[in-house]
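Each position in the sequence shown, counted from 1, maps to that position plus 11 in the working numbering.
Since the hints were made in silico from the structure, they are not lab data. Even glycine gets a Cβ: it sits at the ideal position worked out from N, Cα and C.
Derived Cβ-Cβ restraints for the label pairs, each shown as a range: (1) Leu113 / Arg60: 31 to 39 Å; (2) Thr50 / Gln100: 28 to 36 Å; (3) Ser20 / Ser103: 32 to 40 Å.
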Amino acid sequence: MKAQTKQSSIFCIRLKEARKRAELSQFQLGVLAGIDEFTASARMNQYERGVHEPHFGTVIRMAHALKVPVSFLFEPNNRLAELILLAGQLESKELTQLIAELRRAQD
12 MKAQTKQSSI
22 FCIRLKEARK
32 RAELSQFQLG
42 VLAGIDEFTA
52 SARMNQYERG
62 VHEPHFGTVI
72 RMAHALKVPV
82 SFLFEPNNRL
92 AELILLAGQL
102 ESKELTQLIA
112 ELRRAQD
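Make the full structure from the sequences, and use the hints.
Shown next as structure tokens:
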């Protein structure tokens, strides 16, 4: 088995974390992401262990099913990952306000 890159191991960790937060089994997430039900559980297990890497389209469908931004799944910094999750739950107007507040805080 090939050695995992740091980025792929981050993806594995974030994927499992998001799946558990969503209270979904590997099978359920796989099916929601459009993976055939006969292989859904095994494929999700392989993605979480870093044995295989999903195509980006599959990543997008998984993020949608998990209700998380795609960028969350790849963010190595825990604080930024949390911020991404929180920001991803905001409406457009609220997100614009948050961005403005963060810019003011930098001045």
